[in-house]
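> Protein sequence lines correspond, in order, to chains H and G. With the working numbering, letter number 147 in the first sequence gets 155, and the count goes up by one each step, no holes. With the working numbering, letter number 378 in the second sequence gets 379, and the count goes up by one each step, no holes.
Worth flagging that the hints you see were computed from the coordinates, not collected in a lab. The structure presented is a predicted model; accordingly, all values stated were derived computationally and were not measured. Where hints are given, some of them may not hold.
Heads up, simulated EDC-like pairs for lysine to aspartate or glutamate below, C-alpha to C-alpha not over 20 Å straight-line [claimed, not checked]:
(1) K188(G) <-> E28(H)
(2) K190(G) <-> E83(H)
(3) K26(H) <-> E93(H)
(4) K317(G) <-> E58(H)
(5) K301(G) <-> E28(H)
(6) K100(H) <-> D308(G)
(7) K354(G) <-> E479(G)
Okay, the calculated beta carbon distance ranges per label pair [unchecked claim]:
(8) S51(H) <-> L109(G): 44 to 54 Å
(9) K140(H) <-> K586(G): 54 to 64 Å
(10) T81(H) <-> P441(G): 48 to 58 Å
(11) T81(H) <-> S370(G): 26 to 36 Å
A virtual CB, placed ideally from N, CA and C, is assigned to each residue, including glycine.
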Amino acid sequence: MNDIAALSPYSSSIGKSKVESHTLSVLVDNEPGVLARVVGLFSGRGYNIESLTVAETAHAEHLSRITIVTTGTPEVVEQISHQLERIVPIHKVTDLSVSGKHMERELAMIKVCGRGENRNEALRLAEAFKAKVIDATIESFIFELTGQPRKIDDFVELMRPIGLVEVSRTGVAAITRGPQPM
Amino acid sequence: MAKQMTGAQMVVEALKDQGVDTVFGYPGGAVLPIYDAIFQQDAVKHVLVRHEQGAAHAAEGFARSTGKVGVLLVTSGPGATNAITGLTDALLDSIPLVCLTGQVPTHLIGSDAFQECDTVGITRHCTKHNYLVRSIEDLPRILHEAFYVARSGRPGPVVIDLPKDVQFASGTYQGPVNIQHKTYQPKLKGDMDRIREALAMMQKAKRPVLYTGGGIINSGPVASTLLRELVELTGFPITSTLMGLGAYPASGKNWLGMLGMHGTYEANHTMHDCDLMVCIGARFDDRITGRLDAFSPGSKKIHIDIDPSSINKNVKVDLPIVGDCAHVLEDMVRIWRAESMKADKEALASWWKQINHWRERKSLAFRTSKTTIKPQYAIQRLYELTKNRNCYITTEVGQHQMWAAQHYHFEEPNRWMTSGGLGTMGYGLPAAIGTQMAHPDALVVDIAGEASILMNMQEMSTAVQYRLPVKIFILNNEYMGMVRQWQELLHGGRYAESYSNSLPDFVKLAEAYGGHGIRCSDPADLDRAIMEMIDTPKPVIFDCLVEKEENCFPMIPSGKAHNEMLLAELGDDAGIEIGSVIDEKGKMLV
Ligand SMILES: Cc1ncc(C[n+]2csc(CCOP(=O)(O)OP(=O)(O)O)c2C)c(N)n1
Ligand SMILES: [Mg+2]
Chain H
9 MNDIAALSPY
19 SSSIGKSKVE
29 SHTLSVLVDN
39 EPGVLARVVG
49 LFSGRGYNIE
59 SLTVAETAHA
69 EHLSRITIVT
79 TGTPEVVEQI
89 SHQLERIVPI
99 HKVTDLSVSG
109 KHMERELAMI
119 KVCGRGENRN
129 EALRLAEAFK
139 AKVIDATIES
149 FIFELTGQPR
159 KIDDFVELMR
169 PIGLVEVSRT
179 GVAAITRGPQ
189 PM
Chain G
2 MAKQMTGAQM
12 VVEALKDQGV
22 DTVFGYPGGA
32 VLPIYDAIFQ
42 QDAVKHVLVR
52 HEQGAAHAAE
62 GFARSTGKVG
72 VLLVTSGPGA
82 TNAITGLTDA
92 LLDSIPLVCL
102 TGQVPTHLIG
112 SDAFQECDTV
122 GITRHCTKHN
132 YLVRSIEDLP
142 RILHEAFYVA
152 RSGRPGPVVI
162 DLPKDVQFAS
172 GTYQGPVNIQ
182 HKTYQPKLKG
192 DMDRIREALA
202 MMQKAKRPVL
212 YTGGGIINSG
222 PVASTLLREL
232 VELTGFPITS
242 TLMGLGAYPA
252 SGKNWLGMLG
262 MHGTYEANHT
272 MHDCDLMVCI
282 GARFDDRITG
292 RLDAFSPGSK
302 KIHIDIDPSS
312 INKNVKVDLP
322 IVGDCAHVLE
332 DMVRIWRAES
342 MKADKEALAS
352 WWKQINHWRE
362 RKSLAFRTSK
372 TTIKPQYAIQ
382 RLYELTKNRN
392 CYITTEVGQH
402 QMWAAQHYHF
412 EEPNRWMTSG
422 GLGTMGYGLP
432 AAIGTQMAHP
442 DALVVDIAGE
452 ASILMNMQEM
462 STAVQYRLPV
472 KIFILNNEYM
482 GMVRQWQELL
492 HGGRYAESYS
502 NSLPDFVKLA
512 EAYGGHGIRC
522 SDPADLDRAI
532 MEMIDTPKPV
542 IFDCLVEKEE
552 NCFPMIPSGK
562 AHNEMLLAEL
572 GDDAGIEIGS
582 VIDEKGKMLV
C-alpha cells in the first residue's frame, strides 16, 4: 500500500493485517491477450507481482497455467483472487498458500567467473546444492539449479563473493500435493 | 440455421437475432461494409450521433431505461478512442453495452496503418471483456458471446474489434444457440444456509436498515417488486445509492431518501447507528461510506451481490451472499412468508421514533426566494409538473445532478439515468437521446448544468434529426457549481477557472439547431415556462437562470463520518468558517 492510501481516512480496516506471500495458480484459456489482462489487473489495481510464470499445459484444450507469487494482506490476496475470477477467459483461480499443501519449484541459471581457489570453492558449493554445471570455460561456469526460491537465493548469495556475474530465473511453478488436481 | 454471408452481414444478422432494433453510431472507413449491410435492411435502425462519446452514452441511456443491451458502432482509430469515456462510464455503472469497432485489415495490424489503434489494448481496462476477431470462422460465436457476457452476471461493456477484411470475408453464420460460455457462468442463486442466517439476523435486529443500489435495477423490475415486498414484510427502513433510486418508491413510507455524500440526514444517521445493515446490490463506494474507519461502527453487515469481488473490497462484512438480487430476494421473501417470520416490532417502533426525530431535521429544506429561482425550487417545480406523466430523467454531473437526486422523486426503476461511478459531464443529453429512442412517447428530461451541457452539445443536432423531443433543463448558475462549492470549502474561496465564462445564448443556440429555446429567471413565471417546455413537441433547451452561489447540502465533507454532516443552515447562515470543516487529510481526497 502506498503512503497516500495509508494516510487516507477512507482506507479501511481491510488491509491492516500482516502482509504475506501467496502463490496463486490460475488456469486460463490460451488466447491472445490473456496474459496482458492478468498483468494489467495487477498494475491497474496496484497489486504486487513477485514472480510470474506462464506456459501452455494442455494443448488440446488450449489451456495455460499462470503461477503468480504476490504479496499482500490475506484480505488483499482474497480480493486479487476475486478480481482475477472476473476476467472472462480465466477458468479457475486457486490460492495454493491457503488451499493446503503444495510444491513450489524454480529453475535458475547462474553464471560465475573466477580462477584458482574461487573456482574450486564454486564447484564445492554447487555440489552441496546439487547444482549442475551446464557450461564451462577456463574462467567461468554456468550452474543450473532447481529448487525452492529460497534455496536459489541462498546459492546466489554464496556465489556473490566468489565471482557472480549474472542470474536468470524462471519464477515459481507450483502444484498441489496429493492425487487431486487444483 | 447456418447461412452463407459476409462478416458485415453476420453483424447485422446477429443484432437481429439478439433482439436489437436500435444502434447508435458514426461511420468511417473501417466500418463501411457494416454500414452497407445496415443500409440494405430495415429491422435494425441506425441513429447517427455527432460524436462517438454520444453514441456510447446514448446506448447507455437506451440500456438503462429498458434493461436491454445497448449497442454502438464506431470506426477504427479516432472512432474507437472517442468512445472510451462512454465505455468506462458503462463499466463503472455496470451498464450492458456491446460496442462494435472497425479495425484496419488483419494484415495491416501493427503497422501503424491509417486510423489504426490498438483498440483491444486500449479498451482492456475499460471493458468487461473485449475481442479482436481474427477470422470469419470465429465471428458468429464472438458476436453472440459478447451479448451474453455484456448482460450476464454484473453487466458491463464489451468491445468487438472487427478488421475490415473480416467484414468482407464470407463464412457460415450461426444463430445464438448454445451460447453458454465455457468459463463465464455467474452464480445467480444465493446459498440457502446463508439466506436463512440472514433472515435470522433480520428477525433479531433492533435497529436494521436496508441499503440498496444499482444492482437491484440491473437485476430487473422483478427485483424492485420483491424489494418492496421485503420492506412491507419486515417494516425496515430503506435507503439507496444514487444508482438505485426508483427501486423502492420515494413515496413509500419506509423511504429515508438517498444516502451518502449528499444524502439525507435521516439516511446517513440511520446507517451510522444501525445494528444490522442489509446491503443489496450496492458496493460500499467512497461516496457512500465517507470515512471508512467510522462507517457504521456498531453494525453487523449482510452483503448481497452478484460480483464476489465487491464483497469485502472496502468494508468487511459479516455475512456475504453471492447471487443475483432478484433470486436472493425471492428466496428471502418466500421463506419469510412461509415461516411467518416476524421482525422485532417493539424495537422497530423505537428505532422508527429515532428515525422520525432525524427526519424532523428536514435536511433537504432550503430558503426560498421571491426574486431568484433557487435550483432546488426549480427541480421541485419540474417534479410537480411532470410527476403524473410518463417521464424519464437523465442528468449531467454537478450540483444540479445532486439536487435532481434529492428533489425529484422516483417511483419506479429504470426512470433515472445518471453517471454515478465515473461522474461524466456530458452524459445527460446523449443518454436522453438513447432513452427517447427507446420510449418515443415518453417525456424525457435532461437535468443539466450550463457547463456540462456544452460537453456534448453537438448531440442537439441528433435530437433534431430524429425528431426526438428531449428537454434540456439547464440549471444555469454560471459556475461549475460543484467545483465552486469545493473551492469554497477547501481552497479559501479562490474560484480558479470555475466561472462559466463566455456562455452561448442558449435560447439562440436551441434555435440555431432547429429546436426551441426558453429562458426563465422569475420564480413567478417558472411554472408557465416549464409547461411551455413540456407542451413543445420538439427538442427544447430551457435556460433556467438560478441562484449563482447556492451550495448543495447536506454534505458529508471529505474524510468525515456519516454523523458529521454539514447541513444547509450550518453552511449558509451560522457564519461558521467552512474552510475549517475539512481537515488536511480530507483535502487530499476527491
Ligand atoms: C468530463 C468531466 N470533467 C470534469 C469534471 C469535474 N467536474 C465535476 S462537476 C463539475 C462542474 C459542473 O458544472 P455544471 O455543469 O455547470 O453543473 P453545476 O455543478 O453548476 O450544477 C466539474 C468540472 C467531470 N465530472 N467530468
Ligand atoms: Mg453550473
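> Where does the structure disagree with the numbered hints, that is, which hint numbers, in rising order?
Of the numbered hints, 1, 2, 3, 4, 5, 7, 8 and 11 do not hold.
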